[in-house]
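2 protein chains.
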Amino acid sequence: MERMKIAALFADQEQLDGKEVTVCGWARTIRDMKTFGFIELNDGSCFKNLQVVMSADELNNYKEIAGQNVGAALIVRGAVVLTPEAKQPLEVKASSIEVEGKSTPDYPLQKKRHSVEFLRTIQHLRPRTNLFSATFRVRSVAAYAIHEFFQSRGFVYVHTPIITGSDCEGAGEMFQVTTLDLNDVPRTEDGQVDYSKDFFGKKTSLTVSGQLNAENFAMAFGDVYTFGPTFRAENSNTQRHAAEFWMIEPEMAFTDLAGDMDVAEAMIKHIIRRVLERCPDEINFFNSFVDKGLKERLTHVMTSDFGRVSYTEAVEILKQHNDQFDFKVDWGTDLQTEHERFLTEQVFKRPVFVTDYPAEIKAFYMRMNDDGKTVAAADCLVPGIGEIIGGSQREERLEVLEERIRQLGMNPEDYWWYCDLRRYGSCKHAGFGLGFERMVMYLTGVSNIRDVELHPRTVGNAEF
Amino acid sequence: MERMKIAALFADQEQLDGKEVTVCGWARTIRDMKTFGFIELNDGSCFKNLQVVMSADELNNYKEIAGQNVGAALIVRGAVVLTPEAKQPLEVKASSIEVEGKSTPDYPLQKKRHSVEFLRTIQHLRPRTNLFSATFRVRSVAAYAIHEFFQSRGFVYVHTPIITGSDCEGAGEMFQVTTLDLNDVPRTEDGQVDYSKDFFGKKTSLTVSGQLNAENFAMAFGDVYTFGPTFRAENSNTQRHAAEFWMIEPEMAFTDLAGDMDVAEAMIKHIIRRVLERCPDEINFFNSFVDKGLKERLTHVMTSDFGRVSYTEAVEILKQHNDQFDFKVDWGTDLQTEHERFLTEQVFKRPVFVTDYPAEIKAFYMRMNDDGKTVAAADCLVPGIGEIIGGSQREERLEVLEERIRQLGMNPEDYWWYCDLRRYGSCKHAGFGLGFERMVMYLTGVSNIRDVELHPRTVGNAEF
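Those sequence lines, one after another, are chains S and X.
Read in order, the letters of the first sequence are residues 1 to 464 in the working numbering.
Read in order, the letters of the second sequence are residues 1 to 464 in the working numbering.
One or more hints might be untrue.
The list makes no distinction among identical chains, and a pair is therefore deemed to hold if it is satisfied within one copy or across any two copies.
[To be verified] With a Cα cut of at most 30 Å, we get these calculated DSSO-like pairs of lysine-lysine:
#1 LYS102 with LYS373
#2 LYS269 with LYS362
#3 LYS48 with LYS19
#4 LYS362 with LYS102
#5 LYS292 with LYS112
#6 LYS373 with LYS63
#7 LYS295 with LYS349
#8 LYS197 with LYS328
#9 LYS48 with LYS87
#10 LYS63 with LYS202
#11 LYS63 with LYS48
#12 LYS269 with LYS102
#13 LYS63 with LYS93
#14 LYS269 with LYS295
Don't read these hints as lab results, they were simulated from the structure.
Bear in mind that the values here come from a model prediction, so they are computed numbers and not experimental data.
In isolation and in its complexed conformation, chain S is listed as follows (with noise of 0.2 Å):
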């Protein structure tokens, strides 16, 4: 008999009452009533365990499966049947049941609470625990959201390099990729490290952004988005930040700061939606056990029309509440997740760009405005958590772009291609980005970066 998942045993619970099925997973629980006996079963398809009924008359093998433990791998053989007034809509009456694979008492994920510290011990077991199945889920269904987003609005996919040979992308600390034997570094005759005998001829390292190169491709496609890996070297011990994430990077062509904000709104909430949609089960159980004012928040966020505010008028807000800040805030300082929660939270009450940033504390590639102190930049800031998106308009004009690489001390030759794009059919542009472990973070209320990642990669973790 084919074998049925149980997502849709519960998709189409209604033409197959009183029929035999074949349904495969692990036993979550086993309830052994001498007679009869429970076994919830998940096989990863849906959320939601099937519960499944073995009496001891039907079942020639009764006390071998009650003896089973937790975490067995079965195949489950028996009659559907609906069950409208109990708390599962229905349940499986075992007609036979198979040991593909058994467990032991040893198993780590017995039926109890685990914290989230021990369950980072054992990463490749903790997708079957209700939390991490449920967050991975979400985390799948985000992805699948977003390159559905873009995809249906005539973007191109495009895989920026991760290995890159220019250290000037500036947006943090790099690793080093190589293939040179560290027990014996090859020298050149001034005693430097000789990187003609590396893989690429030259020092290299992982990308911390693809968004230069996804220019190179938005002068040609238009619209486009990245959907890849970064990384961060940086030593920073804290719950939001791994060395290891995934970005995504639109970029656009012909478009200024204003449709760069009305994408990135129109994508959040698609976001949003699609996972409200298709993880409705995910999201009930995240509300519940981990952040009560999920679904709400999420909702509110779907609904809102964001606001747009200026940096400027926004420092002008903040510092009539500087008495509650650690931080004091005066024009010309970074904003810190303080104030922009409180702008988010308090002030808006709603999701809100900030714009127009003071130049010396944005990128080079920024757009300076007209004041010739501010940048075309645009941050969204969410309740809940604070900056989520960071984006700006593109300096298109290459003198302007020159003179902005030349005053932070760089070389204009050094970004030759970047800076064609400016001298051949340059046009305004936009983009921004998103990364997407922090989305996951604020779909699922999970509070730690390392706990939305397969296998997180921080300072001194690099296991499995």
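Please build the complex by placing chain X on the supplied structure of chain S, with the hints as guidance.
Chain X in isolation, oriented as in the chain S frame:
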């Protein structure tokens, strides 16, 4: 007036006849006929150019526009005119044209044929050519088709780690990832590299495959897939090898080798179908200018039932033709591309899975068959290229797996978490790997991997 993309113009042409529109894009050609002129405008939203007609009578700045250089970014306003009798179905009669960004006479992409070798030196501009516009659009559509395929079947998308601490994946030479200062490598007391000082506190590398990690996930979610970058530090300078490339690796619980092949076959057909549907202009272009047999070959693959033959049978067939091969075939030898292509092109005349290879030439994790000599592997061979997919049923029996690991001189303890999957609720499972660039090459007829990646990384090359 709101900007309209050229793709939308072609799609909605009936409703747009006579309407005023605004179009933004880059001039591919500009022809000045003194009192009137033509511009081929491309905005990247589709493969096709838009023909813009300008007349000196109606256009104040006719001379300026006619004097622009190819590659300039223009904003065109004008009326749509349907031209059913002409080569192109419509044109826009310009009432105003604004120069958003000039180009210069030294713009490298003048209207002429450029060699792919030359275009590799201007990777930031080559997406503006027909060849690369078509290639990267197919790449994006194929990537999305893969997500569609797996998501519609309930597979969970998983991001397996890029940085890995295990140098025992065994699939190829690895790049080292480090934050140690190569000018001053720290040493332990016995003179070895002191990796406790490295970022992760141990030696780390770039992953060559996400498979082992994906199995962790499959044992919880049932059906999962990866789609991410992988790396090989192999010093091979061929048309088919790059140091950085993307892989798709599905992994399915409660699935045997036959089920694995079913999914692989359905996936390939789905990708081809979507690309033929969504990229007709691009495929016609490739079929005319890159590979005359492309469309026929793709259609044939999409509509064929893939053959299945065991390695042992395949060797029997091939041995009869050993006089035609550079490498003679005998049981136990690995199949070369010449043999693979002979099988799929001459013998089967359609795609074919070769199954059950000798254990010696396959990886340790593949399931040992009852004969004790062969493993449950399946490589998919396609006409025109040879192997495109490598898959296998995985060894789910703990003792057999540990024995295989020991036989290869490795230590099962280094694979403790991988073995754990066989300790707790093990089940038959299978998966495969598709090299994404190989698939894009197959879909386009482009023969060099350097021309299907935005910025390819190969020995000695990490520019851009």
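Structure-based check of all given hints:
1. In this assembly of identical chains, the alpha carbons of LYS102 and LYS373 lie at most 30 Å apart only when taken from different copies (27 Å versus 67 Å within one copy).
2. In this homomeric assembly, LYS269 and LYS362 come within 30 Å of each other (Cα to Cα) only inside a single copy, at 26 Å, whereas the closest approach across copies is 47 Å.
3. In the homo-oligomer, the alpha carbons of LYS48 and LYS19 lie at most 30 Å apart inside one protomer (20 Å), although the nearest pairing across protomers, at 54 Å, exceeds that limit.
4. Taking identical chains as interchangeable, the C-alpha atoms of LYS362 and LYS102 lie at most 30 Å apart only when they sit on different chains, with a minimum of 28 Å there against 57 Å within one chain.
5. With identical chains, the CA atoms of LYS292 and LYS112 are at most 30 Å apart within one copy only, with a shortest distance of 21 Å there and 63 Å across copies.
6. In this assembly of identical chains, the alpha carbons of LYS373 and LYS63 never lie at most 30 Å apart, being 78 Å within a copy and 37 Å across copies at closest.
7. Proximity of LYS295 to LYS349 under the C-alpha cut-off of 30 Å is restricted to the intra-copy arrangement: shortest distance 16 Å within a copy versus 55 Å between copies.
8. Within a single copy, LYS197 and LYS328 get their C-alpha atoms no closer than 51 Å, and across copies no closer than 37 Å, so neither meets the 30 Å cut-off.
9. In this assembly of identical chains, the alpha carbons of LYS48 and LYS87 lie at most 30 Å apart only when taken from the same copy (12 Å versus 57 Å across copies).
10. With identical chains, the CA atoms of LYS63 and LYS202 are never at most 30 Å apart, being 66 Å at best within one copy and 48 Å at best between copies.
11. Taking the closest pair of Cα atoms, LYS63 and LYS48 come within 30 Å of each other only inside a single copy of the chain (26 Å); across copies the shortest separation is 69 Å, beyond that limit.
12. Taking identical chains as interchangeable, the C-alpha atoms of LYS269 and LYS102 are never at most 30 Å apart, the minima being 44 Å within one chain and 37 Å between chains.
13. In this assembly of identical chains, the alpha carbons of LYS63 and LYS93 lie at most 30 Å apart only when taken from the same copy (16 Å versus 83 Å across copies).
14. In this assembly of identical chains, LYS269 and LYS295 lie within 30 Å of each other by CA distance solely inside one copy; the values are 14 Å within and 40 Å between copies.
Checked against the numbered hints given earlier, the structure breaks hints 6, 8, 10 and 12 and satisfies all the rest.
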